[in-house]
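If you read the protein sequences in the order shown, they are chains A and B. My numbering puts the first residue of the first sequence at 1, with every later residue one more than the last. My numbering puts the first residue of the second sequence at 238, with every later residue one more than the last.
Keep in mind that the hints were calculated from the coordinates and are not lab data. Please note: incorrect hints may appear among the correct ones.
[Said to hold, decoys possible] Between beta-carbon pairs, the in silico distance windows are: (1) B:H423 with A:E235: 51 to 59 Å; (2) A:A96 with B:G239: 50 to 58 Å; (3) B:K464 with A:H233: 44 to 52 Å.
[As the list claims (entries may be wrong)] In silico SDA-like cross-links for lysine to any residue, where the CA-CA straight-line distance does not exceed 20 Å: (4) B:K417 with A:L5; (5) B:K265 with B:N320; (6) A:K184 with B:D278; (7) B:K287 with B:Y378; (8) B:K445 with A:G71; (9) A:K184 with B:K417.
[Claimed, not checked] Pulled a few chain A residues facing chain B out of the computed Cβ check, cut under 8 Å: (10) L9; (11) L102; (12) I105; (13) Y132; (14) L142; (15) I163; (16) Q167; (17) L177; (18) K189; (19) P197; (20) I217; (21) S228.
Backbone N, C-alpha and C fix where the C-beta goes; we use that ideal spot for every residue, glycine too.
Number of protein chains: 2
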Amino acid sequence: MGSYLSRELRKAGLEIGRYNRSPKDGWKSLEELRSQVVSFDLILLCVSDKAIQAVSELLPTTDVLLAHVAGAAPLGFLNENHNRRAVFYPLMSITADSQLSLTQIPFCLEATSEPDLEILENLVHEIGAKSYRINSEQRKYLHLAAVIGQNFTNHLYHKAFDILSGQNIDSSVLMPLLEKSLTKLHRHKPADLQTGPALRQDNESMQKHLDLLDRSIDKDIYSLLSKSIQQTHDEKL
Amino acid sequence: MGSYLSRELRKAGLEIGRYNRSPKDGWKSLEELRSQVVSFDLILLCVSDKAIQAVSELLPTTDVLLAHVAGAAPLGFLNENHNRRAVFYPLMSITADSQLSLTQIPFCLEATSEPDLEILENLVHEIGAKSYRINSEQRKYLHLAAVIGQNFTNHLYHKAFDILSGQNIDSSVLMPLLEKSLTKLHRHKPADLQTGPALRQDNESMQKHLDLLDRSIDKDIYSLLSKSIQQTHDEKL
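Isolated chain A (complex conformation) (with noise of 0.2 Å):
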């Protein structure tokens, strides 16, 4: 994360310095840090949820604003030494080599004071992305809304996938259909776009996939969903 927000900043004709306890090329130390730590706008701690308080421990206390990148960590992490707190989280899956543009990001911003809450929106606009305010509260339930909206259904693609190359079909057949979904989204709500034997009461072709299905745990998740697509939709009735 630091490696890809450092470049994809600088590149946004932002001044960088990037700080390491173990400095590589193009990296300072901590020492360094120190000394020249009062003349920042803003640092951005991209460490593991886990070392966000004690990294922020470690940092000289000063009136620069603080913020860590993390989806997982409440803002309560950063140690209340630091006057001006805040969270900058940048929601994407991202590596250090990712060749995604930061115009493509959404931000989600937090932060102790309004005034720095709009530093950071400025500094999002500025980059040409999208910024939303989503408070730690928020934050926790939008962790869970990405596991569920992309992790689970990463893990379903991979058993369709799957499905498809045990019967020696190429995966591309379906990207059309899955891609053509994803995008309704943006006008849709997904329950109104909800089609499959399921939401039809199609009892013959729903046993007819529990057939096909070899493994145990398959058939538990295709039963479960199928009767959560039902209780959805007659709850909507």
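Since the structure of chain A is already known, use the hints to place chain B on it.
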């Protein structure tokens, strides 16, 4: 399906006649079909899965290629009195007023003879779309994979968006992550892209998520999919 296919195939330059037992504007009656059918190259039977057998029995038996367009019905549903039988299945969610271009649709083809299969492949090629050879046995699994990969993921999107809406979070915040994840499947296997608390055996995060979910069925879905992710990963090790 009949409205969409006839409109779009005509746009693509094909000469199309549309027949219906209750003809509307621009459609002809089934009696007219009987007198005109021998001049046709292809009949596309756009009726519900359950009506394929009955309607194919009613149609005059000729040497014209007869194809149904259903994903969940085998080729065998077409009455064997027709010499040349086929399946011409567009794997896409299509409604009468779909604005989708034919070129974006993968066509899954099957025929009782190799020359007829090639005729259909040439047709798909001419309209600028992509075709796949999928026999009736494979198509059963393809339909199952589409239910898992599209119906079930759409339901999980509903669950994720529902969580966001409960926290007054605009669901658009999640779209870039979902879209980037899906786009990656053009070049990577979903199992290789899996991330999240279940994969990294982060029981603390998983328990926090379970505590945030109110309904028992949502907790069951969370637990079952997490277990399935872990099983899939354990097998890979």
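Practice prompt. Taking the numbered hints from earlier one at a time, note which ones the structure violates and give those numbers from smallest to largest.
Written response: 1, 3, 5, 6, 10 and 11
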